[in-house]
Amino acid sequence: MKKVEATVRKTKFREVKKALVNAGIENFSYWLVRNVGETSEKRVYRGVEYEPTAAERICVTFAIKDNQLNVLELFTESGITGEAADSQVLIYDVKDVYKLVTKDGKDKAIRKM
Amino acid sequence: METISIDTLWVLVAAVLVMLMQAGFAMVESGFTRGKNSINILMKNLIDFSMGSLIFYIVGYKLMFGTDIAGLFGKPVLFDNDNGVDGIANKASLIFQTVFAATAATIVSGAIAERTKFSTYIFFTVIITAIIYPVAGHWVWGGGWLSTLSTPFHDFAGSTVVHSVGAWVGLAGAIVLGPRIGKYGKDGKVNVIPGHNLTIGALGVFILWFGWFGFNGGSQLAIGGTDNAIAVSSIFVNTNLSAAAGALAAMTVTWMRHKKPGLSLSLNGALAGLVAITAGCDIVTPEASILIGLIAGVVLVFSVELFDKVFRIDDPVGAISVHGINGALGTILVGFFAIDGGLFYGGGISLLISQLIGVLAVAAWSLTMGFALFFTLKKTVGLRVTAREEHIGLDITEHGESAYNL
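Residue numbers (my numbering), protein chains in the order written: chain Z, 1 to 113; chain C, 114 to 519.
Just so you know, the hints here were simulated from the structure itself, not pulled from any lab data.
Simulated DEER-style distance windows between Cβ atoms:
hint, chain 1, residue 1, chain 2, residue 2, range
1, Z, Thr81, C, Phe319, 31 to 41 Å
2, C, Val350, Z, Tyr50, 35 to 45 Å
3, Z, Gly24, C, Gly148, 38 to 48 Å
For each residue, glycine too, the CB sits at the ideal point set by N, CA and C.
Using the sequences plus the hints, can you model the full thing?
The following block contains the structure:
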């Protein structure tokens with residue numbers, strides 16, 4: 001089992017969501033994160049130009065069975081603009097997964113197969 | 114024709130319009146500063162209006178409008194309870210002047226935002242509404258020396274008397290206090306501390322613009338009869354044109370300088386136009402009002418940058434540029450654009466000289482008193498919160514509350 005954690009631009013979130021649903025990942029969590037690092041946009045506030053210290057991104061996370069889908073392909077097709085700072089995808093090995101309502105474990109607990 | 118009733122009604126309506134400007138100031142100042150200091154700035158706006166209302170009634174009003182003493186101030190009468198009539202009911206005049214005094218006081222809170230001790234701010238509010246504002250007001254509106262010059266100083270609704278007084282005192286406060294932590298880097302870099310909610314800031318500016326019709330239109334102190342009806346209507350038109358021109362000018366300048374039209378300075382531009390037209394809204398043409406607004410909007414943008422980058426005086430909401438620089442500018446421009454007595458209308462330079470004298474005299478008084486007051490407060494009760502309190506935010510450390518709770 002794997003846990004996928006992908007940070008994408010806010011503007012690409014709808015496409016990512018659609019791609020995930022099409023790939024059978026209909027349940028997942030996401031949250032707003034701030035990404036420190038390369039930011040392409042400069043801003044002006046009251047006559048002073050500055051670079052924001054962080055850019056807002058959306059972090060999407062979900063669990064899958066081993067080899068359930070090609071994560072890299074899914075995100076490179078739906079989640080990037082090709083500009084700098086398109087962020088990254090992390091894939092972790094997962095030891096245990098439980099579905100609380102049925103107490104099912106392992107693959108049976110991976111939501112919505 | 115008997116017009117006391119209708120004139121009094123108009124002044125009372127104008128008074129509540131000006132009172133609503135307190136909400137405008139509260140929203141602008143809150144929106145243009147950080148969310149960790151919102152409670153603090155809102156409390157300052159609430160308490161300067163409340164304290165200012167009491168103090169101005171108890172002592173300030175008669176110091177401003179009482180029997181003239183040597184052209185400098187009025188004879189104080191404490192707790193005056195005057196049910197007489199002088200054109201309008203005297204109590205309508207009192208409430209109208211009270212909301213003006215509170216306007217001068219509340220301008221200061223923006224310039225010294227995010228770092229001033231709340232308890233000290235209350236002391237300050239007492240002094241500005243008891244002494245600083247009433248004395249300057251007496252010079253111009255209470256029969257004092259500026260109103261008895263051979264060519265009287267002309268400040269119809271208070272570009273200088275109200276707005277610049279508040280701003281110069283705020284300037285003194287901002288200098289004595291020093292900038293917010295993090296505003297200027299050790300390497301000399303000017304850092305940005307963005308306001309936390311420009312939506313609220315924009316609402317505040319629209320409320321101020323709305324209230325300004327009462328501020329300027331009400332200063333006619335009458336509306337009955339043909340002449341007053343025409344005068345007030347003309348003031349409304351001039352006020353609106355100048356504000357609109359100010360916003361457009363500030364937008365254009367920021368667009369040209371920074372490639373994008375910035376909201377924050379455009380909002381300040383509208384306010385700059387309003388402040389600038391306030392002195393002469395009764396004696397300039399609509400065309401001149403547009404010009405005054407355009408000049409104000411352009412000057413505003415450069416003034417904000419000058420104070421921020423060159424003088425390095427930290428004024429989070431731009432109060433000094435909006436109310437001080439444009440208050441002075443608008444008052445001086447009356448010397449050029451006044452239909453009656455202005456340089457551009459063949460009136461010579463005597464009015465212009467009177468305008469300069471008035472602007473400088475009021476600035477000297479306000480700055481002197483402001484510096485004296487803030488230095489005294491700094492040496493006695495303390496003016497500034499600790500660095501740790503400033504980092505955490507004044508909402509939690511000064512008030513034990515936060516404005517935004519999840």
